[in-house]
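Spelled out from the first residue to the last, the chains are:
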Amino acid sequence: MTLIPTKTRRAMIRAILAAPLGLAALTGPALAQAYPEEPIRLVVPHGAGGGTDVFSRLIAAPTAETLGASIAVVNVTGGGTAIGAQEVARSDPDGYTLLSTHVALLTSSAMGANQMGPDSLTPIAQLASETQVIAVRADSPMASAGDFFDAVADDSRPKLGISAGAGNHFAFLQMLMNVPDYDVNFVPVGGGGPSMTALLGGNIDVGTFTVSEVLDQVAAGEVRAVTVFAAERDPALPDVATATEAGFPIEIGLDYVWYAPKDTPTDRIATLADALETTMADETIRTTLTERAILPNFLRGDALEATLAERWETIQSVAASIR
Amino acid sequence: MIGELAASFATMLAPYPFALIVLGTVLGIVAGAIPGLNGGMLIALSLPLTFGWNPLDAIALLVGMYVGSISGGLISASLLNIPGSPSNLMTTLDAMPMARRGEAARALQLGIIASFFGGVVSWMALVLLAPPLVAFALTFGPHEYFAIIFSALVLISSLSEGSMTRGLIAAMLGVLVALPGLDPVTAQPRLTFGFDRMLGGFDLLAVLIGVFAVSQLLADAAPGAKAEVIRLQSSRLVLSLGAVTRHWVNLIRSALIGTWVGILPGVGGSIGSILAYGAAKTLSKTPERYGTGCEEGVIASETANNATVGGAIIPMVTMGIPGSIIDVFLIAALTINNIRVGPLLLQDNPEIVYGFMSTLLVANVVMLIVMLVSLRGLARLMTVPKTYLIPIILLFCVIGAYAGNNRVFDVWVMFAFGLFGILFRVMRLPIGPFVIALVLTPLAEFNLRAALISADGSWLSFLQRPVSAVFVVIAGLLFVMPLVLPWVRRHSNRSAVE
Amino acid sequence: MQLSRRGFDVAAGVVLLLLGAFVWREGAAIPPSFLDTAFGTGYLVMLAGGALSVLACFLILEAVRGGRTAGQLTFDARLARPALTASILALFVLNLTFGLVPFYPSAAAMIFAIALGLGERAPRAVAIAAAAALAATAAAWVVFTQVFVVLIG
Numbered sequence: 001m002t003l004i005p006t007k008t009r010r011a012m013i014r015a016i017l018a019a020p021l022g023l024a025a026l027t028g029p030a031l032a033q034a035y036p037e038e039p040i041r042l043v044v045p046h047g048a049g050g051g052t053d054v055f056s057r058l059i060a061a062p063t064a065e066t067l068g069a070s071i072a073v074v075n076v077t078g079g080g081t082a083i084g085a086q087e088v089a090r091s092d093p094d095g096y097t098l099l100s101t102h103v104a105l106l107t108s109s110a111m112g113a114n115q116m117g118p119d120s121l122t123p124i125a126q127l128a129s130e131t132q133v134i135a136v137r138a139d140s141p142m143a144s145a146g147d148f149f150d151a152v153a154d155d156s157r158p159k160l161g162i163s164a165g166a167g168n169h170f171a172f173l174q175m176l177m178n179v180p181d182y183d184v185n186f187v188p189v190g191g192g193g194p195s196m197t198a199l200l201g202g203n204i205d206v207g208t209f210t211v212s213e214v215l216d217q218v219a220a221g222e223v224r225a226v227t228v229f230a231a232e233r234d235p236a237l238p239d240v241a242t243a244t245e246a247g248f249p250i251e252i253g254l255d256y257v258w259y260a261p262k263d264t265p266t267d268r269i270a271t272l273a274d275a276l277e278t279t280m281a282d283e284t285i286r287t288t289l290t291e292r293a294i295l296p297n298f299l300r301g302d303a304l305e306a307t308l309a310e311r312w313e314t315i316q317s318v319a320a321s322i323r
Numbered sequence: 324m325i326g327e328l329a330a331s332f333a334t335m336l337a338p339y340p341f342a343l344i345v346l347g348t349v350l351g352i353v354a355g356a357i358p359g360l361n362g363g364m365l366i367a368l369s370l371p372l373t374f375g376w377n378p379l380d381a382i383a384l385l386v387g388m389y390v391g392s393i394s395g396g397l398i399s400a401s402l403l404n405i406p407g408s409p410s411n412l413m414t415t416l417d418a419m420p421m422a423r424r425g426e427a428a429r430a431l432q433l434g435i436i437a438s439f440f441g442g443v444v445s446w447m448a449l450v451l452l453a454p455p456l457v458a459f460a461l462t463f464g465p466h467e468y469f470a471i472i473f474s475a476l477v478l479i480s481s482l483s484e485g486s487m488t489r490g491l492i493a494a495m496l497g498v499l500v501a502l503p504g505l506d507p508v509t510a511q512p513r514l515t516f517g518f519d520r521m522l523g524g525f526d527l528l529a530v531l532i533g534v535f536a537v538s539q540l541l542a543d544a545a546p547g548a549k550a551e552v553i554r555l556q557s558s559r560l561v562l563s564l565g566a567v568t569r570h571w572v573n574l575i576r577s578a579l580i581g582t583w584v585g586i587l588p589g590v591g592g593s594i595g596s597i598l599a600y601g602a603a604k605t606l607s608k609t610p611e612r613y614g615t616g617c618e619e620g621v622i623a624s625e626t627a628n629n630a631t632v633g634g635a636i637i638p639m640v641t642m643g644i645p646g647s648i649i650d651v652f653l654i655a656a657l658t659i660n661n662i663r664v665g666p667l668l669l670q671d672n673p674e675i676v677y678g679f680m681s682t683l684l685v686a687n688v689v690m691l692i693v694m695l696v697s698l699r700g701l702a703r704l705m706t707v708p709k710t711y712l713i714p715i716i717l718l719f720c721v722i723g724a725y726a727g728n729n730r731v732f733d734v735w736v737m738f739a740f741g742l743f744g745i746l747f748r749v750m751r752l753p754i755g756p757f758v759i760a761l762v763l764t765p766l767a768e769f770n771l772r773a774a775l776i777s778a779d780g781s782w783l784s785f786l787q788r789p790v791s792a793v794f795v796v797i798a799g800l801l802f803v804m805p806l807v808l809p810w811v812r813r814h815s816n817r818s819a820v821e
Numbered sequence: 822m823q824l825s826r827r828g829f830d831v832a833a834g835v836v837l838l839l840l841g842a843f844v845w846r847e848g849a850a851i852p853p854s855f856l857d858t859a860f861g862t863g864y865l866v867m868l869a870g871g872a873l874s875v876l877a878c879f880l881i882l883e884a885v886r887g888g889r890t891a892g893q894l895t896f897d898a899r900l901a902r903p904a905l906t907a908s909i910l911a912l913f914v915l916n917l918t919f920g921l922v923p924f925y926p927s928a929a930a931m932i933f934a935i936a937l938g939l940g941e942r943a944p945r946a947v948a949i950a951a952a953a954a955l956a957a958t959a960a961a962w963v964v965f966t967q968v969f970v971v972l973i974g
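Protein chains in written order, with my numbering: chain L, 1 to 323; chain Y, 324 to 821; chain S, 822 to 974.
Hint data in this document are derived by calculation from the structure and do not stem from the laboratory.
A portion of the hints provided could be inaccurate.
Take a look, some chain S residues computed to stay more than 12 Å from chain L by CB distance [claimed, not checked]:
| id | residue |
| --- | --- |
| 1 | G828 |
| 2 | A833 |
| 3 | R886 |
| 4 | T895 |
| 5 | L905 |
| 6 | V922 |
| 7 | A930 |
| 8 | L937 |
| 9 | E941 |
| 10 | P944 |
| 11 | L972 |
Beta-carbon label-pair distances, calculated as ranges [as the list claims (entries may be wrong)]:
| id | chain 1 | residue 1 | chain 2 | residue 2 | range |
| --- | --- | --- | --- | --- | --- |
| 12 | Y | P454 | L | A143 | 19 to 29 Å |
| 13 | Y | P708 | S | L868 | 26 to 36 Å |
| 14 | L | G221 | S | L972 | 39 to 49 Å |
| 15 | Y | M487 | L | A320 | 48 to 58 Å |
| 16 | L | A138 | Y | A329 | 33 to 43 Å |
Residues of chain L clear of chain Y, computed beta-carbon distances all greater than 12 Å [stated by the list, open to error]:
| id | residue |
| --- | --- |
| 17 | D92 |
| 18 | N185 |
| 19 | F186 |
For each residue, glycine too, the CB sits at the ideal point set by N, CA and C.
Bound conformation, chain L alone (with noise of 0.2 Å):
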């Protein structure tokens, strides 16, 4: 669906009645290009109204646009984002059929539950990156990221909120990993806004967030963010120290990347890219991402490539260290 500038206000009206008709209309037969001319499909294996979803809405509409084709933003959720990841696998690799997911896709792979793994995807752009932080009520002694190295080593045993196999429970075991003799207690109570009501209602002491997540709560002073796990400091967070400044050299980050099957002919990955490239040049998309604190961050064909090894590598190394 595009997006609707400034129209007057009538023109909304007949646009909410009238707005999928036109969608409909665009899919005719194209004249020019061999590629993309019907519809493309793009599955978001997590739920609708989400981080995620609400971000590839937000990329669909322009790289639509530039593709000369109407992109569907289709929610297919179940299994970690399994469920999703397995049926574009599963689909033809023609380039009609497209995930937009992010590092959950190699969480549930190493978890199991993904058992076509990220290898029976192709991955097309990475486009943005959020950081991750970790963050206490506000009346916590925690406030660096050595006290919570401490916390995390002594008899303490602090409460930290997952959800078991997801993003943030990874995260965490990231963060533990160079802590050789770590005792906490896992809560499991989900994703970034059941931790969030878990860490307020005092359910949890240590949540772990991306900033985006935690920034409202945090300017209202209900919640300390401790410590960003970033090379530098978030610009949405300028005072909140990086772990790598307090020692512990750790990066995590939620990576946001478009997939296409695998053996998707390579000149319409690059299409594709080249689409998604132009999008997020774009000067209005940069500034509507950063306000929500997502920070662009494009890569694409050989570095996006070795990124993503890398990355499925340490996401392993954590999943052995666990079972």
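Assemble chains Y and S onto chain L, guided by the hints.
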């Protein structure tokens, strides 16, 4: 505050926002009434349209959809025996028998008025009591959630009519159907039998459409089966005031339960309506009438599910915590327009908070009027002969089962549970305990296990936290009461005679 | 065909008993996970399976002892129409699964076939059935693909 609220009403009642509220409410009612479509889908699909809108306009449209969708399910629940969404589950159990007795119009009207009442009570909670309620709700952890759901299970356990064994078997089958998929705590596959597609488990809505709608439609296909056509008699389209007011205790109790459940993050309208229904039944003098087409059941369920809407908005506007799945969409709609929904919302964007308050009330009034007016039109729709009605509704069921997750697997689940529903009828297993166990099991399981993990395995921890202790004790009393009460009554009767 | 209710209940009880035992076995086969320090993954599965088996025994006992619940279950020609309807529906879903015929044309065919199967077959009725099938499919197409953007088939 009163001044700001009044100003907000003035804004939202201006022709354009008001038109959006009406449009949203009507679309919501339609989506709620069509099996398989629901408010969440409608709002998700409308979300991209609201990019770049004035945020108050977005609120007008989306809150209208929210209120409409949770009310529209009543229509298909009473006329087609299909819960439009899981929150209309309990409504179906009583509204359908009423409709089969020829009281469809009455069930609908009572349900509509109950919905409105629930909406208004939760609105008052939103306006008057939001901050303290949220502070209390936030202290609820897995222990409290489990204790509440556990007491709901006890409340409902007496639901099955007839054989206790059959009721329990039905409930256990409901538990079993809820289990397949990834384990919610350890992410291990369980009862998936090695099939990838089973990793997502059985979709709740697909199962509900199967056991309620498909099995009913297949049974109705038999010659001589009771006519599926339910006639709404125009002469009965007016309900006396007394017919509503005599249910005032039930209305208020169910509205309060619904509001509170709405405030609790992560617990939906279906739990609100199950709890209110259970409470109404337990406190009733004639609990055996529940499930056989009793007005109180329809009222309890519909009041509570609409009350969850206002309840769910409370933690969102005060703390930025979504009280329901639909709240997630509302937050997305606002963040996309650069409004940060968090604890600073009232301070930074008071007009948004007041906008939610005024829109919620306006949408409830619009819902009331639209639903009451459309009864006549519905009456005409219902005169379609069953020969055509059956395949047409089946088509809607298929698309509805598919649309939730875009999985053909879910359509097969719906079909299989349609046959399963027929088997249930043949075996004389009650459907109520089955669906309630199906809805409550995932929440009960997850919270029980999360509670035990966070307390390092201590079962005693349920008694060490005050709120959960209270509910565990209530559940205990509820469990004992049906065993003790007959004895007490007999005893007091005897002493009265003496 | 007639079947004694008692026999049917006993048969159902045996099936449920076996199902419960099977579920118990599946639950017991789930390896423990270090992630669950308290309740364990397989316990609830085993609990549900075990409870079902026990309840199934009660059902069998009731059926064997209870004289009053006895009766007859009748299977006769009246079941032909529900069976036909279910078969047409199954064909429709099969087609959706394999995508042989586009979804909406197949939907119209499904409605037409069931309407004919349930109703009369006079020329007038056939015409009405065809019209109803087309109209309903068109309405569903508008609502789902044009308003709700459900991509199906």
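How the hints compare with the structure:
1. At roughly 40 Å from the closest C-beta of chain L, the C-beta of S/G828 stays outside 12 Å, upholding its exclusion from the interface.
2. For S/A833, the condition that its CB be more than 12 Å from all CB atoms of chain L holds, with the nearest at approximately 31 Å.
3. Listed as a non-interface residue, S/R886 keeps its Cβ farther than 12 Å from every Cβ of chain L; the least gap is roughly 45 Å.
4. Its beta-carbon lying about 42 Å from the closest one in chain L, S/T895 satisfies the requirement of being farther than 12 Å from that chain.
5. Listed as a non-interface residue, S/L905 keeps its Cβ farther than 12 Å from every Cβ of chain L; the least gap is roughly 33 Å.
6. With a least CB separation of 19 Å from chain L, S/V922 remains clear of the 12 Å interface cut-off, as annotated.
7. Against chain L, the non-interface label of S/A930 holds: every CB pair exceeds 12 Å, the least being about 23 Å.
8. Even its closest Cβ contact with chain L, about 31 Å, leaves S/L937 beyond 12 Å, as expected for a residue assigned away from the interface.
9. No beta-carbon of chain L is positioned within 12 Å of the beta-carbon of S/E941; the least distance is around 38 Å.
10. With a least beta-carbon separation of about 36 Å from chain L, S/P944 lies farther than 12 Å from that chain, consistent with its non-interface assignment.
11. With a cut of 12 Å on Cβ distances, S/L972 falls inside the contact zone with chain L, its closest approach being about 6 Å.
12. Range check, Y/P454 to L/A143: Cβ separation about 28 Å, and the 19 to 29 Å hint holds.
13. Checking the proposed 26 to 36 Å range against Y/P708 and S/L868 shows it is violated: the Cβ atoms sit about 48 Å from each other.
14. Distance hint check for L/G221 and S/L972: the Cβ-Cβ separation is about 45 Å, which falls inside the suggested range of 39 to 49 Å.
15. Under the hint 48 to 58 Å, the C-beta atoms of Y/M487 and L/A320, about 50 Å apart, fit the expected range.
16. For L/A138 paired with Y/A329, a C-beta distance near 35 Å keeps the hint of 33 to 43 Å intact.
17. Against the 12 Å criterion, L/D92 stays outside the reach of chain Y, whose nearest CB is about 16 Å from its own CB.
18. Against chain Y, the non-interface label of L/N185 is violated: not every CB pair exceeds 12 Å, the least being about 6 Å.
19. The beta carbon of L/F186 sits about 7 Å from the closest Cβ of chain Y, which is not more than 12 Å, so the claim that it is off the interface is violated.
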